[in-house]
Amino acid sequence: MAKVLMKGNEAVGKAAIEAGCRYFFGYPITPQSELPEYMARELPKVGGVFVQSESEISAINMVYGAASAGARVMTSSSSPGIALKQEGIGYITKANRPAVIVNMMRGGPGLGTIQPSQADYHMCVKGGSNGDYHNIVLAPSSIQEAVDMVIEAFDLADIYLTPVIILADGLIGQMMEPVEFTNKKQREIPKKDWALVGKGKGERHITKNLDLNPLDLERENIELFEKYKKIEENETQYEDYLMEDAEYAFVAYGTSARIVKSAVRKLREEGYKIGLIRPKTLWPFPKEAFKRNNIKKYIDIEMSMGQMVDDVKLACEDVHKVVFYGRSGGVILSSEEIVDFGKSIMGGAL
Amino acid sequence: MSVVFQKTKGLTDNKTHYCPGCSHGIVHRLVAEVLEEMNLLEDTIVVVPVGCAVLALNYFDVDAIQAAHGRAPATATGIKRVHPDKTVFTYQGDGDLAAIGTAEIVHAAARGEKITTIFINNGIYGMTGGQMAPTTLPYMKATTAPLGRDVNIQGYPIKVSEMISTLDGAKYVERVSVNTPANVIKAKKAIRKAFEVQQKGLGFSLIEVVSSCPTNWGLTPVKAMEFVSEKMIPYYPLGVYKDETAEEAK
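Quick note, the sequences are listed as chains V and F, same order.
Numbered as in our numbering, the first sequence ends at 606 without a single skipped number.
Numbered as in our numbering, the second sequence ends at 423 without a single skipped number.
No lab work stands behind these hints: they were computed from the structure.
Model, not experiment: these values are computed from the prediction.
For glycine and all other residues, C-beta sits at the position ideal for the given N, C-alpha and C.
Some hints here could point you the wrong way.
[Stated by the list, open to error] Listed below are the simulated PhoX-like cross-link pairs for lysine-lysine, each with C-alpha atoms no more than 20 Å apart in a straight line:
| # | chain 1 | residue 1 | chain 2 | residue 2 |
| --- | --- | --- | --- | --- |
| 1 | V | Lys-457 | F | Lys-259 |
| 2 | V | Lys-486 | V | Lys-543 |
| 3 | F | Lys-182 | V | Lys-457 |
| 4 | V | Lys-464 | F | Lys-188 |
| 5 | V | Lys-536 | V | Lys-485 |
| 6 | V | Lys-448 | V | Lys-382 |
| 7 | F | Lys-396 | F | Lys-314 |
| 8 | V | Lys-529 | V | Lys-464 |
| 9 | V | Lys-448 | F | Lys-259 |
| 10 | F | Lys-182 | V | Lys-455 |
| 11 | V | Lys-569 | V | Lys-553 |
| 12 | V | Lys-543 | V | Lys-577 |
| 13 | F | Lys-259 | V | Lys-455 |
[Unchecked claim] Stretch by stretch, here's where chain V covers chain F in the computed footprint (C-beta under 8 Å, at least three residues):
| # | stretch |
| --- | --- |
| 14 | 197-210 |
| 15 | 237-245 |
| 16 | 275-289 |
| 17 | 357-367 |
Chain V with its partners taken away, still in its complex shape:
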């Protein structure tokens, strides 16, 4: 299949349809509105359903219903809208139902700005809803990767019966790049024999969210965390970029990682032995990527005041090895400032 030039938001929508998503419930918010617009145009053509809900809260609860009914279903929003969806994300998680949620992050807190940001790491990776839980969080660094991750997200959601969050930002949503929709072999999906379809002649299907007995709820939470252990073992992903002989390592995800790569190339040209560790799954976090004795400093770079950096510190088990540089409020990092910060840390370590 030939490459096509597409805007990120629309490419994500097309990828979802390719993955078999036929239901989309959403609400407009910049910088992701092209995604619901695309679904409104394209889903009816393949026999799917698009509903513009009255709020993000309603959209995620429609997703809860459709997911429990056995469908491949998606919603999307940007930061303040994702904050509104947290209630429903918790319910879907508790019910062990599959759903894909796209967050094209913008600057916050509050109404913030419409410019790209990475300040929802805590909300999406640490869990912005109540209770003991995690969601799988995938962080694409290009539009092609966003496409591939969306297709993978539907499989992961169906296999592990969990919400999967695509954590991108306004830059990924708004820019255009050539992308390819390879018919990647999809994974084997367990039968959805729990789906709400009417009991027919058989047993009732129940999608439960309440356990009044604490011992029941504790047992279910223990089962949830047994599932998370499997996900950590099997689904953790990261990329090493020019790390073979590196003595220093940048750490960055998504759009930041993309900018950091050009900073790495410039620093390499000047003789610095530096590379990049790029987490592709933010949860599960690739802890094993930070067990390297030869690294003098991990230089964490984010478009936030520093959120993922906490996980980097935990993973490398030596906080003195971790330094942070970031821009907040919707300011996009420049490779020059990353180069300068890298030099300030490495000094004359050529």
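Using the hints provided, position chain F relative to the given structure of chain V.
Leaving out everything else, chain F in the frame of chain V:
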């Protein structure tokens, strides 16, 4: 000896947790009987609320899901859009439907979602222990309106059937009660009509049931039913508020 009455197949054998004199028991039975009589038990999904009826999934013998507080109409929308050939209904109380879930019920009705809502209006929060509801009557006492609801401070009750009936997507809206045997029979007919509207794909249907809550009203079951007759129904008049079933059939 011939059997003249027996428990509907639409209810499980589980004992309910509802208090003596609470209207939920009667309304559960009526809904279950209607589903059985319409031969819908195998193809129905109930969306239960947060409130006393959160455990209704233990009682209705159909597929069931527990929704977030107030969001049952949104969750029902998701299910119905995936399975347009199935019967989907929400069963919600006044706190769930008329306070935290006002947006969801209004917009499900406005979209003309082909679902049915059974709305229990007893003017009080039951599960959390007697706090003021959006439908608590003026001067009626609640734990969060200890001197009685003062409309200058707490505002006015919401008349849900009147409000929903103004929306074009709502095709059948009726307010009933279960305070007398005659009204129980009328309530069952209304519930049946609401499910027929859904079966025919006409649009949204809602049955409001003016109900009792003896425990949180601090009344005996008999006195509570008298309160329904003497205080609740005058404020919430019974009747058909919207019936576009005939018009649609033309």
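Verification of the hints:
1. Between Lys-457 (chain V) and Lys-259 (chain F) the alpha-carbon distance is near 15 Å, which keeps this suggested pair within the 20 Å criterion.
2. Between Lys-486 (chain V) and Lys-543 (chain V) the CA atoms are separated by roughly 15 Å; this keeps the pair inside 20 Å, and the hint holds.
3. Pair hint Lys-182 (chain F) plus Lys-457 (chain V) holds up; C-alpha atoms about 13 Å apart against a cutoff of 20 Å.
4. Distance check on the hinted pair: Lys-464 (chain V) and Lys-188 (chain F) sit about 19 Å apart at the alpha-carbon level, within 20 Å; holds.
5. Between Lys-536 (chain V) and Lys-485 (chain V), the direct Cα distance comes to roughly 18 Å. Compliance with the 20 Å bound is thereby established for this hinted pair.
6. Between Lys-448 (chain V) and Lys-382 (chain V), the direct Cα distance comes to roughly 28 Å. Violation of the 20 Å bound is thereby established for this hinted pair.
7. Between Lys-396 (chain F) and Lys-314 (chain F), the direct Cα distance comes to roughly 16 Å. Compliance with the 20 Å bound is thereby established for this hinted pair.
8. Taken as a hint, the Lys-529 (chain V) and Lys-464 (chain V) pair is broken in the structure, with Cα atoms around 54 Å apart against an allowance of 20 Å.
9. Straight-line distance between C-alpha atoms of Lys-448 (chain V) and Lys-259 (chain F) comes to about 17 Å, which keeps the hinted pair within the 20 Å bound.
10. A C-alpha spacing of about 13 Å is found between Lys-182 (chain F) and Lys-455 (chain V), which places the hinted pair at or below 20 Å, so the restraint holds.
11. Between Lys-569 (chain V) and Lys-553 (chain V) the alpha-carbon distance is near 11 Å, which keeps this suggested pair within the 20 Å criterion.
12. Distance restraint check for Lys-543 (chain V) and Lys-577 (chain V): the Cα-Cα separation of roughly 15 Å lies within the 20 Å cut-off, and the hinted pair is therefore satisfied.
13. Restraint check for Lys-259 (chain F) and Lys-455 (chain V): satisfied, since their Cα atoms lie roughly 11 Å apart, inside the 20 Å limit.
14. Proximity of the stretch 197-210 of chain F to chain V, defined as three or more residues with a beta carbon under 8 Å from a beta carbon of that chain, is not established by the 0 residues found.
15. Coverage of the stretch 237-245 of chain F by chain V holds in this model, with 6 residues showing a Cβ closer than 8 Å to a Cβ of that chain against a need of three.
16. Here the stretch 275-289 of chain F counts 5 residues with a CB under 8 Å from a CB of chain V, which clears the bar of 3, and the coverage holds.
17. Taking a C-beta to C-beta cut-off of 8 Å, the stretch 357-367 of chain F contributes 0 residues in contact with chain V, too few for the three needed, and the coverage statement is violated.
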